[in-house]
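K.L.:
As given, the protein sequences belong to chains D and G, one line each in that order. Going by our numbering, the residue at position 138 of the first sequence is 853; the numbering climbs one at a time, nothing skipped. Going by our numbering, the residue at position 36 of the second sequence is 51; the numbering climbs one at a time, nothing skipped.
Keep in mind the hints are simulated off the structure, nothing from the lab. For clarity, every value in this text was computed on a predicted model and none was experimentally measured. There's no promise every hint is true.
[What the hints assert, rightly or not] Selected chain G positions facing chain D (Cβ under 10 angstroms, derived; list incomplete):
1) ALA112
2) MET119
3) PHE121
4) LEU137
5) PRO141
6) GLY179
7) THR181
8) MET249
9) PHE276
[Unchecked claim] Listing some non-contacts, in silico: residues in chain D with all C-beta distances to chain G over 12 angstroms:
10) SER717
11) ILE746
12) THR806
13) ARG864
14) MET886
15) HIS956
16) PHE959
17) ALA963
18) PRO974
[To be verified] Per the computed footprint, the stretches of chain D lying under chain G, defined by three or more beta-carbons under 8 angstroms from a beta-carbon of chain G, are:
19) 809-819
20) 919-931
The beta-carbon is built from N, C-alpha and C at its ideal position, and this holds for glycine as well.
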Amino acid sequence: MSGYVAGILAVLAINLLLAYAVFLPAAAGMINLGAAGFMAIGAYVSAYLDVEYGLALPLCLLAGAVVSMVMGCLVAIPLLRTKGVYMVLATLAFGEIVSGALINMEAVGGAAGYPVTTFIDMPVIVAMAVCGLLLVVYLLSTRFGLAMRSIHDDEQATALFGINVRRVKVMAFTIGAGFAGVAGALYGHHYNYIEVANFNLMLSTYTLLYVLIGGTQTAFGPLVGAAIFSLMPEMLRGSEHWRFVIFAVLIIATMALRPEGVVTRHGLARLFGRRKVEG
Amino acid sequence: MIFLQQVINGLMLGGLYALVAVSFTFVIGMLNFLNFSIPGIFMLGGILSWAFMVPGGLPWYAAVPLALLAGIAASLLVERFTYRYMRARFGDATEHAIPLVSSMGFLILFQGLVQIQWGAELHSFPSPWQDTSLRIGGLLISIPQVISLALAMALVFGLTVILGRTSLGRSLRAVAESPDTAQLLGIDLPRLIPAVFIVTGLFSALAGVLFALNYLQVSHVMGDEIASFAMAAMVVGGLGNVWGAIAGGLLLGLMEVMTIFFFGAKVIKVAVWGALFLLILVRPQGLFGKPAVGKGKF
Chain D
716 MSGYVAGILA
726 VLAINLLLAY
736 AVFLPAAAGM
746 INLGAAGFMA
756 IGAYVSAYLD
766 VEYGLALPLC
776 LLAGAVVSMV
786 MGCLVAIPLL
796 RTKGVYMVLA
806 TLAFGEIVSG
816 ALINMEAVGG
826 AAGYPVTTFI
836 DMPVIVAMAV
846 CGLLLVVYLL
856 STRFGLAMRS
866 IHDDEQATAL
876 FGINVRRVKV
886 MAFTIGAGFA
896 GVAGALYGHH
906 YNYIEVANFN
916 LMLSTYTLLY
926 VLIGGTQTAF
936 GPLVGAAIFS
946 LMPEMLRGSE
956 HWRFVIFAVL
966 IIATMALRPE
976 GVVTRHGLAR
986 LFGRRKVEG
Chain G
16 MIFLQQVING
26 LMLGGLYALV
36 AVSFTFVIGM
46 LNFLNFSIPG
56 IFMLGGILSW
66 AFMVPGGLPW
76 YAAVPLALLA
86 GIAASLLVER
96 FTYRYMRARF
106 GDATEHAIPL
116 VSSMGFLILF
126 QGLVQIQWGA
136 ELHSFPSPWQ
146 DTSLRIGGLL
156 ISIPQVISLA
166 LAMALVFGLT
176 VILGRTSLGR
186 SLRAVAESPD
196 TAQLLGIDLP
206 RLIPAVFIVT
216 GLFSALAGVL
226 FALNYLQVSH
236 VMGDEIASFA
246 MAAMVVGGLG
256 NVWGAIAGGL
266 LLGLMEVMTI
276 FFFGAKVIKV
286 AVWGALFLLI
296 LVRPQGLFGK
306 PAVGKGKF
């Protein structure tokens, strides 16, 4: 496999893991516009433990994910007081707070960026992404997954059936934050250099958009979305400015024509035709 | 003296934020729709007036109105493919996050097209005046910023008069209350809603022109930072509250300048967004209580 293909696969895998950070809250009816903030937390925690304490890589990645999840949980609990526009603004604010705080932390290089020692190669990243995909497929097949889907469709009715809506939402947001943390940690170790500017609002926005293009009904929606977003610049070599325009037209068209995203539950069931169409 | 100068700078910067914040808050108050294309229209206002003047060779009094018209046209385009389309298809356009997401798409679209046409670099904006600053007793006052603040106040005053006194305003307030009921009572929504977007487009594009006059620079991402501050200003003022947005804009401008003055430029982001985050969680209705328009929607 050439280095070129390996590079694209690594980008795709990281984007996929980040996508689940938006996907899981979205599947439970929440919008997370702060994914880059959680990614930054994971990246910096893992990089710091690696550089300063020389911890083993799996421990670094685990720590990145755990700290990101703790932050996710701490944010999610008060966040559930908010709805709609307020939730969008609050998560946006969270992402900006993280990048604003990191730029002031001299211990991790501040605005100058932070070099990361240990290198993680593409196969490991892709393997992690595949594990992530399988984990989400499994999660959606559990009772918890059903509860998320139910909350997405009708929150009040779900509560009437005795499901603890708050807990499901906090868990969805927290697990999502963990995915972003892993994505960030892998990003740092793959490129061996991180800076605050990598984890900006545009990244959060694009992630939200490609997840919604892909669709939030099944675990494969984010895969399609991440693939579109990661492969498009390669297909449009030489006219890379058009990438943004085409992406924008794609998102507007998707929202207008297929608001549930490209990959839907119904569509998958029809495509593979094994089960009867449900719901 | 230097402190007073900082206060003036803060208020003037706040005037720019206020104009954009009014655009955001007006659409939210009327339609419950967070319109992310506003920074794009702001940018179009600034960069098109540059494009008509410098590569186009038009005088400023032709270029600026053309740019404002283009901003309104862009805003109507957004309306056509976000709010109106969704409402026709799903009944309530704001039920899902769909219009919000589409408007983000439009922001990327506008920025992408401008980047293709005029590149990603900063363009220097020609100043129609020799000196854009006024000196009063040792204090420096920037004229475009004064104009921007005065215009924001005048436009919002006009807006409240229209909303309160005219039949158009009454229809708009009815729509803000409940679009479905308004339609049942005979209000022609597809004809009325564009009015909201015309106002938004005009305000945002105008803010873009004033920003360009003030900083004498335009680029395809000029709207990004100011829009995030304007959104913060909108929350401070309470969503849907146009006078609150002005107060919030001024407050944010003051806060930004003071934070930079006392603590340096690096902590500004944490200060503004941290304050905003807490405000959303603790007092989501903003500092000034209930919004004047669209009350009961949030």
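K.L.:
Return the status of the interface hint for PHE276 (chain G): holds when the least beta-carbon distance to chain D is below 10 angstroms, violated otherwise.
P.N.:
Given a least distance of 17 angstroms, the restraint on PHE276 (chain G) is violated.
K.L.:
For SER717 (chain D), which was marked as not at the interface, is the minimum beta-carbon distance to chain G over 12 angstroms?
P.N.:
30 angstroms, holds
K.L.:
Mind checking the CB of PHE121 (chain G) against every CB in chain D and telling me if the closest is under 10 angstroms?
P.N.:
7 angstroms, holds
K.L.:
Going by Cβ atoms, does ILE746 (chain D) stay more than 12 angstroms from chain G at every point?
P.N.:
ILE746 (chain D) is in fact no farther than 12 angstroms from some Cβ atom of chain G, at 6 angstroms.
K.L.:
Given LEU137 (chain G) was flagged as interface, is its beta-carbon under 10 angstroms from a beta-carbon of chain D?
P.N.:
17 angstroms, violated
K.L.:
Is the hint on PRO141 (chain G) kept, meaning its closest Cβ partner in chain D is under 10 angstroms away?
P.N.:
Interface hint status for PRO141 (chain G): violated (26 angstroms vs cutoff 10 angstroms).
K.L.:
Non-interface claim for PHE959 (chain D): all C-beta distances to chain G beyond 12 angstroms?
P.N.:
3 angstroms, violated
K.L.:
HIS956 (chain D) clear of chain G by more than 12 angstroms, beta carbon to beta carbon?
P.N.:
5 angstroms, violated
K.L.:
Any Cβ of chain G at or closer than 12 angstroms to THR806 (chain D), or is the non-interface label fine?
P.N.:
Label violated. Min Cβ-Cβ 9 angstroms, cutoff 12 angstroms.
K.L.:
Would the hint on MET249 (chain G) be counted as holding, given a Cβ-Cβ threshold of 10 angstroms to chain D?
P.N.:
Result: holds, 9 angstroms to nearest chain D Cβ.
K.L.:
Does PRO974 (chain D) clear chain G by more than 12 angstroms, comparing its Cβ with all Cβ atoms of that chain?
P.N.:
5 angstroms, violated
K.L.:
Could you check if THR181 (chain G) really has its C-beta closer than 10 angstroms to a C-beta on chain D?
P.N.:
28 angstroms, violated
Checked against the numbered hints above, the structure violates hints 4, 5, 6, 7, 9, 11, 12, 15, 16, 17, 18; every other hint is satisfied.
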